[in-house]
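*Asks:* Chain by chain, the residues:
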Amino acid sequence: MIVIGLGNILLCDEGIGVHVVNALRERELPDGVELVDGGVAGFTLLNMLEGETRAVIVDAVSAPLPPGTVVRLDPKEVGKSKEEKYSLHDFSLRDVLDLMNLRGTTPEMLILGIVPGDIHTYKIGLSPELEEKFEDIVEKVRKEIEKYARQERST
Amino acid sequence: MGKMTIGHLARVEGHGGITVHIDGEKVTRVDMDVYEGSRLYEALLVGKRYSEVASITSRVCGICSAGHALCATFAVEDAFGVPVPPTAKILRDLLIHGENIESHALHFFFLALPDFFGKKSVLHLQGDAPELVSAGVSLKKLGNRIQEIVGGRPVHPVNLCPGGLVSPPSPGELRELLSQMENHLDNVDLITSEVEKVKVPELLSREATFVALTSDEPDYPFTGEKIKTSAGEEYPLGEFRRICHERVVRHSTAKQSLYSGKPFMVGALARIVINGEKLGGKAREVRERLLPPDPSRTPLHNNNAQFVELVHSLEESARLIRVLLDSDTSEVRSGDVIPREGSGIGALEVPRGTLYHYYEFDGEGKVRDAEIITPTAQNLANIESDLTICAENAPLENRLEVVRRLEMVARAYDPCISCSVHIIRKEERGERSG
Numbered sequence: 734m735i736v737i738g739l740g741n742i743l744l745c746d747e748g749i750g751v752h753v754v755n756a757l758r759e760r761e762l763p764d765g766v767e768l769v770d771g772g773v774a775g776f777t778l779l780n781m782l783e784g785e786t787r788a789v790i791v792d793a794v795s796a797p798l799p800p801g802t803v804v805r806l807d808p809k810e811v812g813k814s815k816e817e818k819y820s821l822h823d824f825s826l827r828d829v830l831d832l833m834n835l836r837g838t839t840p841e842m843l844i845l846g847i848v849p850g851d852i853h854t855y856k857i858g859l860s861p862e863l864e865e866k867f868e869d870i871v872e873k874v875r876k877e878i879e880k881y882a883r884q885e886r887s888t
Numbered sequence: 021m022g023k024m025t026i027g028h029l030a031r032v033e034g035h036g037g038i039t040v041h042i043d044g045e046k047v048t049r050v051d052m053d054v055y056e057g058s059r060l061y062e063a064l065l066v067g068k069r070y071s072e073v074a075s076i077t078s079r080v081c082g083i084c085s086a087g088h089a090l091c092a093t094f095a096v097e098d099a100f101g102v103p104v105p106p107t108a109k110i111l112r113d114l115l116i117h118g119e120n121i122e123s124h125a126l127h128f129f130f131l132a133l134p135d136f137f138g139k140k141s142v143l144h145l146q147g148d149a150p151e152l153v154s155a156g157v158s159l160k161k162l163g164n165r166i167q168e169i170v171g172g173r174p175v176h177p178v179n180l181c182p183g184g185l186v187s188p189p190s191p192g193e194l195r196e197l198l199s200q201m202e203n204h205l206d207n208v209d210l211i212t213s214e215v216e217k218v219k220v221p222e223l224l225s226r227e228a229t230f231v232a233l234t235s236d237e238p239d240y241p242f243t244g245e246k247i248k249t250s251a252g253e254e255y256p257l258g259e260f261r262r263i264c265h266e267r268v269v270r271h272s273t274a275k276q277s278l279y280s281g282k283p284f285m286v287g288a289l290a291r292i293v294i295n296g297e298k299l300g301g302k303a304r305e306v307r308e309r310l311l312p313p314d315p316s317r318t319p320l321h322n323n324n325a326q327f328v329e330l331v332h333s334l335e336e337s338a339r340l341i342r343v344l345l346d347s348d349t350s351e352v353r354s355g356d357v358i359p360r361e362g363s364g365i366g367a368l369e370v371p372r373g374t375l376y377h378y379y380e381f382d383g384e385g386k387v388r389d390a391e392i393i394t395p396t397a398q399n400l401a402n403i404e405s406d407l408t409i410c411a412e413n414a415p416l417e418n419r420l421e422v423v424r425r426l427e428m429v430a431r432a433y434d435p436c437i438s439c440s441v442h443i444i445r446k447e448e449r450g451e452r453s454g
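In order, the protein sequences belong to chains A and B. In this text, residue positions in the first sequence follow the numbering used here: the first is 734, and each later residue adds one. In this text, residue positions in the second sequence follow the numbering used here: the first is 21, and each later residue adds one.
No lab work stands behind these hints: they were computed from the structure. Note that the structure is predicted; figures quoted are calculated from it, not measured. Treat the hints with care, as some may be off.
[Claimed, not checked] In the DSBU-like style, the derived pairs of lysine-lysine whose C-alpha atoms are separated by at most 30 Å in a straight line are:
| # | chain 1 | residue 1 | chain 2 | residue 2 |
| --- | --- | --- | --- | --- |
| 1 | A | Lys880 | A | Lys856 |
| 2 | B | Lys139 | A | Lys809 |
| 3 | A | Lys866 | B | Lys68 |
| 4 | B | Lys140 | B | Lys217 |
| 5 | B | Lys298 | B | Lys282 |
| 6 | B | Lys298 | B | Lys219 |
| 7 | B | Lys109 | B | Lys246 |
| 8 | A | Lys856 | B | Lys68 |
| 9 | A | Lys856 | B | Lys386 |
| 10 | B | Lys302 | B | Lys109 |
| 11 | B | Lys140 | B | Lys109 |
| 12 | A | Lys880 | A | Lys809 |
| 13 | B | Lys302 | B | Lys246 |
| 14 | B | Lys298 | B | Lys46 |
| 15 | B | Lys140 | A | Lys809 |
[Said to hold, decoys possible] According to the in silico footprint, chain A covers these stretches of chain B (three or more CB under 8 Å from chain A):
| # | region |
| --- | --- |
| 16 | 70-83 |
| 17 | 171-179 |
Don't be surprised by glycine CBs; every beta carbon is placed ideally from N, CA and C.
Please build the complete structure, drawing on both the sequences and the hints.
*Replies:* Structure follows, in structure tokens:
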């Protein structure tokens, strides 16, 4: 199972997915979990996902919830692009998912979104509010991955 | 005075918009706005050590991450006089070709081909031409795989260092790449025949200035010791500011470049206009099939120019791998890097055009000042000028048609607005504390 952290680490909490996946390298994880720092992968995500049977994506998510909240999303719940157009930065994850669906290559997926505090400041490192909750966020994500991996074993 | 605003551009990296200014029935000006926030990446670099600039700048963009990392490394090597072993140079060239294949595959197959086939997006192209979409996905994957094997990761490389590379790829990995490249080269004729059927729309015709790096070597260059213009002038790299004479414009947060007071174009088409005679093999053949003898009159030829370069990058990386497999590749790094006070320039042809990184370092090797000039920042003024000509010829009463044409012209430049790093600084140079 592949776990991909996404985001731009030069834009404060926008890079939370990458920071969490890198922190997970120091934690105990189920066997067979591969951690990938996907960065600003954009369309490359399609190449990373195709051929996998199961995948977890960790990324910042915009939601009306307190910063640091970890949200579980089904790929179907990932927001539609505003228009029926194709813009890589508008929301690449949705676009990648749509193309994989058409190509019949979508792996079974879990998306873990983390609500950011600040994604507008040009800064390497997290905002104070996410920094404070970081250990807690990493642990929540780890537990979700563990739970998801266990589901795989039971099926 | 009227205005027609076209919001976010579809199928363009980042968020950009176009405003057409109309006086009566006449188009007076077209602005390309950049909505993306000010890019303060250069300021982020101030105070960082020379060994960090490649990894930081590689995070600016997921498409050109290898280009930024390499260009930053060139600048560090220039500043400290670091030699690079021949094997490392070959591997770096391979990395450049990997990025070129990846980026051109993405733009050509996913962003430009839908225009050619009159489709809204690649999702619609998938239904009509699934084999072209598959070829694009698979070429893009190969480009990322080259970067993974040479750069250590499919995006944001970690295997580059001043003086060469951290470690060489294994012969097994290189053979894996070679076999994939040969398969793709076998497929080139088929794709070319499909693309040949589509006529490039005549949306505008004008004279333009092109700029690219060049070299005295016989190879089609992506690095070079000189900057050359289509008017025939040549400048050493250190004089990059004579080309990229930048101005700040009120409607955009990116700076624009002018050469001798005029806009210019960089990218695949510019490289073919300036260095196209150096293309050989299959790439030369594809160029003759997909581009007119003088392709300089419209930027729309940039799409097919990218495909020509993609073929060149496949052939050239296969050749480089054969050279590597026949030689001792153990020495990929020169000795220790000794930082010193001074400045360095790096220049590189990345998929969208010439990229410049300039750094000033203090005696400990910490960045005192940084300047990054991206291809998109250089192209912006030319895009606006082309959009104006295109709008003048467009039926203004048909808004949808105007939008379609202007978007097609802007997209042909493959602009990466998210990485037009070049930013308006919030502080003046002298006010910096770092």
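*Asks:* Compare the structure with each hint and give your call.
*Replies:* Hints and how they fare:
1. Restraint check: the Cα-Cα separation between A:Lys880 and A:Lys856 comes to about 33 Å, which exceeds 30 Å; the hinted pair is violated.
2. The straight-line distance between the Cα atoms of B:Lys139 and A:Lys809 is roughly 25 Å, inside the 30 Å bound, and the hint therefore holds.
3. This hinted pair checks out: A:Lys866 and B:Lys68 have alpha carbons roughly 27 Å apart, not beyond 30 Å.
4. Between B:Lys140 and B:Lys217 the alpha-carbon distance is near 19 Å, which keeps this suggested pair within the 30 Å criterion.
5. Among the hinted pairs, B:Lys298 with B:Lys282 is consistent with the structure: their alpha-carbon atoms are about 27 Å apart, no more than 30 Å.
6. A hinted pair counts as satisfied when its Cα atoms are at most 30 Å apart, and B:Lys298 with B:Lys219 qualifies at roughly 26 Å.
7. Only pairs whose Cα atoms come within 30 Å are accepted, and B:Lys109 paired with B:Lys246 is accepted, the gap being roughly 18 Å.
8. The hinted pair formed by A:Lys856 and B:Lys68 meets the criterion: a straight-line CA distance of about 13 Å does not exceed 30 Å.
9. A threshold of 30 Å between alpha carbons decides the hint, and for A:Lys856 with B:Lys386 the separation of about 18 Å falls inside it, so the pair holds.
10. Between B:Lys302 and B:Lys109, the direct Cα distance comes to roughly 24 Å. Compliance with the 30 Å bound is thereby established for this hinted pair.
11. Distance restraint check for B:Lys140 and B:Lys109: the Cα-Cα separation of roughly 41 Å exceeds the 30 Å cut-off, and the hinted pair is therefore not satisfied.
12. For the hint linking A:Lys880 to A:Lys809, the alpha-carbon distance of about 20 Å falls within 30 Å, and the restraint holds.
13. Using a Cα cut-off of 30 Å, the hinted pair B:Lys302 and B:Lys246 holds, with the two alpha carbons roughly 27 Å apart.
14. Pair hint B:Lys298 plus B:Lys46 does not hold up; C-alpha atoms about 43 Å apart against a cutoff of 30 Å.
15. At roughly 22 Å between alpha-carbon atoms, B:Lys140 and A:Lys809 fall within 30 Å of each other, so this suggested pair holds.
16. With 6 residues having a beta carbon nearer than 8 Å to a beta carbon of chain A, the region 70-83 of chain B meets the requirement of three or more and the stated coverage holds.
17. Closer than 8 Å: that is the beta-carbon criterion, and the region 171-179 of chain B has 4 residues meeting it against chain A, so the requirement of 3 holds.
Of the numbered hints given earlier, the model fails hints 1, 11 and 14; all others are met.
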